[in-house]
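Enquirer: Line order of the protein sequences matches chains Y and H. Numbering-wise (the working numbering), the first sequence opens with residue 14 and increments by one. Numbering-wise (the working numbering), the second sequence opens with residue 3 and increments by one.
Simulated from the structure, these hints should not be mistaken for lab results. Just so you know, even glycine gets a beta-carbon here, dropped at the ideal spot from N, CA and C. Please note: incorrect hints may appear among the correct ones.
To be verified - Every beta carbon over 12 Å from chain Y, so not counted as near; a handful from chain H, in silico: (1) VAL14; (2) GLU16; (3) GLY18; (4) VAL21; (5) ARG24; (6) PRO63; (7) PHE67; (8) PHE76; (9) THR78; (10) GLU85; (11) SER89; (12) GLN102; (13) LEU115.
Unchecked claim - As a list, the in silico EDC-like pairs of lysine to aspartate or glutamate whose alpha-carbon atoms are at most 20 Å apart: (14) LYS91/Y to GLU30/Y; (15) LYS80/H to GLU13/H; (16) LYS114/Y to GLU13/H; (17) LYS83/Y to GLU42/Y; (18) LYS26/H to ASP108/H; (19) LYS114/Y to ASP99/Y; (20) LYS114/Y to GLU46/H; (21) LYS114/Y to ASP59/H; (22) LYS80/H to GLU20/H; (23) LYS114/Y to ASP32/H; (24) LYS80/H to ASP108/H; (25) LYS83/Y to ASP44/Y.
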Amino acid sequence: AQTVTQSQPEMSVQEAETVTLSCTYDTSESDYYLFWYKQPPSRQMILVIRQEAYKQQNATENRFSVNFQKAAKSFSLKISDSQLGDAAMYFCASKIQGAQKLVFGQGTRLTINP
Amino acid sequence: DAGVIQSPRHEVTEMGQEVTLRCKPISGHDYLFWYRQTMMRGLELLIYFNNNVPIDDSGMPEDRFSAKMPNASFSTLKIQPSEPRDSAVYFCASSRQGAQPQHFGDGTRLSIL
Chain Y
14 AQTVTQSQPE
24 MSVQEAETVT
34 LSCTYDTSES
44 DYYLFWYKQP
54 PSRQMILVIR
64 QEAYKQQNAT
74 ENRFSVNFQK
84 AAKSFSLKIS
94 DSQLGDAAMY
104 FCASKIQGAQ
114 KLVFGQGTRL
124 TINP
Chain H
3 DAGVIQSPRH
13 EVTEMGQEVT
23 LRCKPISGHD
33 YLFWYRQTMM
43 RGLELLIYFN
53 NNVPIDDSGM
63 PEDRFSAKMP
73 NASFSTLKIQ
83 PSEPRDSAVY
93 FCASSRQGAQ
103 PQHFGDGTRL
113 SIL
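Let's have the full structure, built from the sequences with the hints guiding it.
Expert: This is how it looks when you write it as structure tokens:
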């Protein structure tokens, strides 16, 4: 069975600084996908970034990047130059190749201090 | 392109009433998912469809919950009779075939009094 664990219920960072959100997962499959979703107070679930397990290169999307450590089953999200609009709940999720079910972590609430 | 559209955005009703939540997926997406989000249990997959056919409904909590997808552009999640413990945010999401990510609607906040 897949599991996703986010060990940090809350994090805070000063505006313009860098913050890293942790995520670990467990799966017996070799082909899978990992995602980070952002849920601001407006409640919408927004895809931030995705990573294919077969790719060694870490995914990046502008100020967002991941540190994917396959052997350690770790998938952390780094947000550079934090902005007030980054304040949200962040969810890590995984999906097995060939399956459609997304398994979510418990979420990390990120606060940006001005 | 329009995103996933859910209605209503908020629903408040009394215990025992029937509740119907609606979803319009993104055009061209083959998969449609219904999730429930609560503080206690986080995000849970209730059911998903592929090409309008229910594939996995193992997350549906009990017989009071039912979901249909009569065509590629519309799905409903119905609760009858509703109970206070059904209060949650219900999300609909859709995706294309394969490894494509799921795109979520804005959710329906359901409150059962």
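Enquirer: Over 12 Å to the closest beta carbon of chain Y is the bar; see if VAL21/H clears it.
Expert: holds (18 Å)
Enquirer: Verify this label for me: VAL14/H is non-interface relative to chain Y, using a Cβ-Cβ cutoff of 12 Å.
Expert: The claim stands: VAL14/H keeps its Cβ more than 12 Å from every Cβ of chain Y (closest is about 16 Å).
Enquirer: Is the claim that GLU85/H lies outside the interface with chain Y correct, judged by CB distances over 12 Å?
Expert: holds (22 Å)
Enquirer: Would you assess whether GLU16/H, listed as outside the interface, keeps its beta-carbon beyond 12 Å of every beta-carbon in chain Y?
Expert: Non-interface label on GLU16/H holds, nearest chain Y Cβ at 23 Å vs cutoff 12 Å.
Enquirer: Taking only the CA atoms, is the gap from LYS80/H to GLU13/H under or equal to 20 Å?
Expert: holds (13 Å)
Enquirer: Would you check the hint for LYS114/Y and GLU46/H, treating anything up to 20 Å between C-alpha atoms as holding?
Expert: With Cα atoms ~10 Å apart, LYS114/Y and GLU46/H stay inside 20 Å; holds.
Enquirer: Check whether the Cα positions of LYS114/Y and ASP59/H lie no farther apart than 20 Å.
Expert: Satisfied, since the Cα-Cα distance of roughly 11 Å is no more than 20 Å.
Enquirer: With d taken as the least Cβ-Cβ distance between SER89/H and chain Y, does d exceed 12 Å?
Expert: holds (15 Å)
Enquirer: Decide if the proposed pair is consistent with the structure: LYS114/Y and GLU13/H, CA atoms, cutoff 20 Å inclusive.
Expert: The given pair, whose Cα atoms are some 27 Å apart, is violated under the 20 Å limit.
Enquirer: Going by Cβ atoms, does THR78/H stay more than 12 Å from chain Y at every point?
Expert: holds (20 Å)
Enquirer: Can the restraint linking LYS26/H and ASP108/H be considered satisfied, given a maximum Cα separation of 20 Å?
Expert: Status holds; Cα separation ~11 Å.
Enquirer: Just want to verify: PRO63/H was marked as not at the interface with chain Y; is every Cβ pair farther apart than 12 Å?
Expert: Holds, since 17 Å exceeds 12 Å.
Of the hints listed earlier, those the structure fails to meet are numbers 12, 16, 19, in rising order.
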